[in-house]
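As given, the protein sequences belong to chains Z and W, one line each in that order. No gaps in the numbering here: position 43 of the first sequence is 43 in my numbering, and each next residue is one more. No gaps in the numbering here: position 412 of the second sequence is 535 in my numbering, and each next residue is one more.
I should point out that these hints are in silico values taken from the structure, not numbers from a laboratory. Any given hint might turn out to be false.
Stated by the list, open to error - With a cut-off of at most 25 angstroms between alpha-carbon atoms, the simulated SDA-like pairs for lysine to any residue come out as follows:
| no. | chain 1 | residue 1 | chain 2 | residue 2 |
| --- | --- | --- | --- | --- |
| 1 | Z | Lys-33 | W | Ala-425 |
| 2 | W | Lys-486 | W | Ala-425 |
| 3 | Z | Lys-109 | W | Gly-278 |
Stated by the list, open to error - Footprint (simulated), chain Z over chain W, 3 or more residues, beta carbon under 8 angstroms:
| no. | stretch |
| --- | --- |
| 4 | 418–431 |
| 5 | 483–490 |
Only a predicted model underlies this, so the values are computations on that prediction, with no experimental measurement involved. All residues carry an ideal CB built from backbone N, CA and C; glycine is no exception.
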Amino acid sequence: MVVMDVQLASLFCAGALVIIGLFAVIFIDNIIKKIIGIAFIEEGANLFLIALGYKAGGVVPIFMPGMNASWFAANSAYPLPQALVLTSIVIGASTLAVMLALAMVLYRKHGSLSAREIMGDEE
Amino acid sequence: MNYLIPLMVIIPILCALIVNVIGEKNRTTRLLSILVGIAIPVIALVAVPGVQYFGGHNPSLIGSMLPASLNGTLASMYNTGIVYVFSDFERIFIFIMGLVAFLAVLTYFTEKKEISGPYLYLIFMGLAAVTALMLSDDIFNMYVFFEITALAQVGIIIATNTDDNYEIALKYLIIGSIGGPMLLLGIGFILGTIGSLNITDIAYVINHNLVDPLSPGLVIGFVLILFGWFYVSGLPPFHTIKSAVYSKARPNGAAILQGFSVMCMLAFGIALIRIFHHMPYFNQLLVLFAIIAMVLSVSMAAMQWDFRRMIAFLAVGELGFVALGMGIGTELSLTAALFQATNEILISALLFIGFGTVYYLTKTSDTRKLGGLISVNSTMAIMVLLGGFAMAGVPPFNGFMSKLMLVQSAFDAGYPELALIAIFVSITIFFTFVKAFHTIYLQPRPKDLKFAHETIPKEALFAVGVLLVVCLILGLCPWIVTNVFSSFVGGLI
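Isolated chain Z, as found in the complex (with noise of 0.2 angstroms):
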């Protein structure tokens, strides 16, 4: 049986999710599921960064008490993607959150959720 490497497979998966996201939001008329697309970009990136700190059968990174580092930096795995990630998951969803917010206030103005419907005459 083939086992694929952890990070590789994240990569994988996120190139996956940025790919179907990038479809959604070009090909898809429905606001909603672009904002869905949206969000698998954003999710895709967010899984991007965490597999470039993994490290095949690494530590958590947080120094404890007692820990020698030396060993403790050769056997961690990298914190700062994670740090980062923390970071985009808080842009992600406050963009999110206006983004929903605006596709309901224009539900309501033009009562449907057809991007071509609502954001056709513009431009």
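Once you have looked at the hints, place chain W on chain Z.
Relative to chain Z, chain W alone:
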């Protein structure tokens, strides 16, 4: 420790939070907003150049505390926290952005009797975010503040209450939600290749060939960040949505939105140059998209009957000049690009606020329904005309000086065709602007033209006057900023 550097970001954030809470208390909110509006440019003027290490880290001290196994490695040299760098270059842009924010807030107070705390919150959060963008030497920190700026921009459009503002806001968010993650993915590729997010560290590693400058991670990162930069700057294919955003905002909002865009463009543009200047076709790509932006935006501006759309397209087209200077890539062209960016913030603000008074008077922006407005206030009409001349590059204004430098740099670099395109676009801007000015101010007033207000607010006159004076000073004494830009560029390339 120079505490004034982080204060340039902290003060507007605090002000944003406070005015959001006490927004209904008109007097206090106005006073606080004006005080902070004055404080930011003043702090930018008096702050001593320096470096701020957040979290108290200092790489030269931390390096000695690391485990022995890391000694001598790149990791021991890296900045482990966020770093803000403040020099005369940042001083100029933060001062100008602070000045425009102050004037925008001042004119906003004349528009509305009941002011909105959340609207002011958005303006100050945006101001804090672009200030942090200029100061930060950390590319992820820049991304975070860019996202805050983008959300503030969307909020400013939503708060405008014009036709289709929600539609434009959602469209901008959806498009931005592609541009933003691409930027983040690009940053991820750089992190994966270099192991640091600090731009100085990244540039050091690349310039000293400690990693392969053309490694796949860096090349993919470059493509993704360049795409993100086009979105940040409103360069094609994002020029249409950017101009739509400006045209939907209030005049003061549009003035500040364009300032935000220029600051974001500059911060990421400089980061791009520092990290990716070695990439094949880097300059050619910038020049190509700059020309498309200039030609498309100015052509679309020439076809508009709506003067707000016209100025919006002209403002986006002017960003093409900045990108052109960056693309030519010589010391003179980069200096010209930075000077052009300074001028762009000032002139666009002048025109958005100046032409905004036409909308304030008549509640229409359709030039076919307007005319004879010079009789309402000739001073404002003349100042708007001079602002248009500054944008088109007519002497003795700042726009002339920066475009002259740009044309000269294109000739010097051996690209006379680029110089000719820049001149042709400037002439088109001139005619587009003069046509709109003639229609709005000089042609006979239509009989059915109704006025919502009889006079122009004094604050708007003051704001436009101040901006015009600054434009004139920079036109007559360009060395005030070009000397700083020139030495900054010297360290950049």
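Status of the hints after comparison with the structure:
no.	hint	verdict
1	Z:Lys-33 / W:Ala-425	violated, 37 angstroms
2	W:Lys-486 / W:Ala-425	holds, 22 angstroms
3	Z:Lys-109 / W:Gly-278	holds, 19 angstroms
4	418–431	violated (count 0)
5	483–490	violated (count 0)
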